[in-house]
Amino acid sequence: MREGRYPSTTTVQKSFWFTKVQDGEPVALQTDSQYTGRVTYSSTWKDSTLTITNVGNSDSAVYKFRFITNHQDGSYTGDPGVTLSLTDLHVKVGTSRYSSSWADLTCVSSCTLPPHSSYIWFKNGEKIPRKTSLTYSDYFEYADSYSCALQEHQDFPSPPVALILNKHAPKLPSVSVSPSAEIVENSTVTLTCSSDANPAANYTWYKKNGNPDFQPLSKGPELVFSSVQSSDSGEFYCAAENDLGRRTSEHFISDSSPKKESETFWVALLSWP
Numbered sequence: 002m003r004e005g006r007y008p009s010t011t012t013v014q015k016s017f018w019f020t021k022v023q024d025g026e027p028v029a030l031q032t033d034s035q036y037t038g039r040v041t042y043s044s045t046w047k048d049s050t051l052t053i054t055n056v057g058n059s060d061s062a063v064y065k066f067r068f069i070t071n072h073q074d075g076s077y078t079g080d081p082g083v084t085l086s087l088t089d090l091h092v093k094v095g096t097s098r099y100s101s102s103w104a105d106l107t108c109v110s111s112c113t114l115p116p117h118s119s120y121i122w123f124k125n126g127e128k129i130p131r132k133t134s135l136t137y138s139d140y141f142e143y144a145d146s147y148s149c150a151l152q153e154h155q156d157f158p159s160p161p162v163a164l165i166l167n168k169h170a171p172k173l174p175s176v177s178v179s180p181s182a183e184i185v186e187n188s189t190v191t192l193t194c195s196s197d198a199n200p201a202a203n204y205t206w207y208k209k210n211g212n213p214d215f216q217p218l219s220k221g222p223e224l225v226f227s228s229v230q231s232s233d234s235g236e237f238y239c240a241a242e243n244d245l246g247r248r249t250s251e252h253f254i255s256d257s258s259p260k261k262e263s264e265t266f267w268v269a270l271l272s273w274p
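Converting from the sequence shown to our numbering requires adding 1 to each position, the first position being numbered 1.
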């Protein structure tokens, strides 16, 4: 801010920068608690430079320079002042088409940043290695938080954004069979159960053993027959359960003809009331 010239009989008794006016009087930045320890002046006979350290978004304001002389009514303010506009980086969360627990993140600023800027991403306060692009996608768990920063200003990250998963009971489990082709006796067969659930579901496999009730057979998403036999034929289903509910799959029937490797098993999916 240029001070200008004044007669030799005029002396400057006080000069300061301000943003606020209280009771009709400008409040010097040195006495403003918002700027304590963060402002310094560098002045000559013709100009004054204001330096603010640890600049934050709250420092956005119109800054004016004022000096007071030894003459009555000899107070002058530089108008219109200098406008400082700041904006924090912030993380924009996009909706993922893949999963309710997959986030597409973008580091956003209303300022015009240099082209090809490099970024730093943080997850739960820890730097994510080798992630320097404007966007970042990740599978997240309940209440994981993310922030971003420009690589050359990594000490000034954006405010963290916590990603909160919507908890829900398991949805209808689906069952896949591997191999999907005809199954030969003594081969390995794997049934896999999966369900969209949050928190993640626990799985239990059941088999009907000659009575109306189904008996628990195995826990975990996979049911593996390492050397499938005719005796493994039966009616199966899986259940997915978390603390919000339980859901069972449709029922599978596996059957075979007599024990011959040349014979094949078949697996069918049936609707169950």
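It is worth saying that the hints were derived from the structure and are not from the lab. Predicted model only: the values in this text are computed from it and were never measured. Treat the hints with caution; some may be incorrect.
Once the Cα atoms are required to be at most 20 Å apart in a straight line, the calculated DMTMM-like pairs of lysine to aspartate or glutamate come out as [as the list claims (entries may be wrong)]: (1) K168 to D233; (2) K47 to D33; (3) K220 to D233.
Estimated spans, in silico, between C-beta atoms of each pair [stated by the list, open to error]: (4) K93 to D156: 34 to 40 Å; (5) T113 to G221: 50 to 56 Å; (6) D105 to T37: 37 to 43 Å; (7) Y77 to R39: 32 to 38 Å; (8) I69 to R39: 19 to 25 Å; (9) N187 to N125: 47 to 53 Å; (10) D48 to T84: 17 to 23 Å; (11) D105 to S232: 45 to 51 Å; (12) T84 to D156: 22 to 28 Å; (13) L173 to V94: 26 to 32 Å; (14) P81 to S134: 49 to 55 Å; (15) R39 to V94: 51 to 57 Å; (16) Q152 to S188: 50 to 56 Å; (17) G221 to Q152: 26 to 32 Å.
Glycine included, each C-beta is placed from N, C-alpha and C at the ideal position.
Hint check:
no. : hint                     : result
1   : K168 to D233             : violated, 37 Å
2   : K47 to D33               : violated, 25 Å
3   : K220 to D233             : holds, 17 Å
4   : K93 to D156: 34 to 40 Å  : violated, 22 Å
5   : T113 to G221: 50 to 56 Å : holds, 53 Å
6   : D105 to T37: 37 to 43 Å  : holds, 41 Å
7   : Y77 to R39: 32 to 38 Å   : violated, 25 Å
8   : I69 to R39: 19 to 25 Å   : holds, 23 Å
9   : N187 to N125: 47 to 53 Å : holds, 49 Å
10  : D48 to T84: 17 to 23 Å   : holds, 18 Å
11  : D105 to S232: 45 to 51 Å : holds, 49 Å
12  : T84 to D156: 22 to 28 Å  : holds, 25 Å
13  : L173 to V94: 26 to 32 Å  : holds, 28 Å
14  : P81 to S134: 49 to 55 Å  : violated, 40 Å
15  : R39 to V94: 51 to 57 Å   : violated, 32 Å
16  : Q152 to S188: 50 to 56 Å : holds, 54 Å
17  : G221 to Q152: 26 to 32 Å : violated, 43 Å
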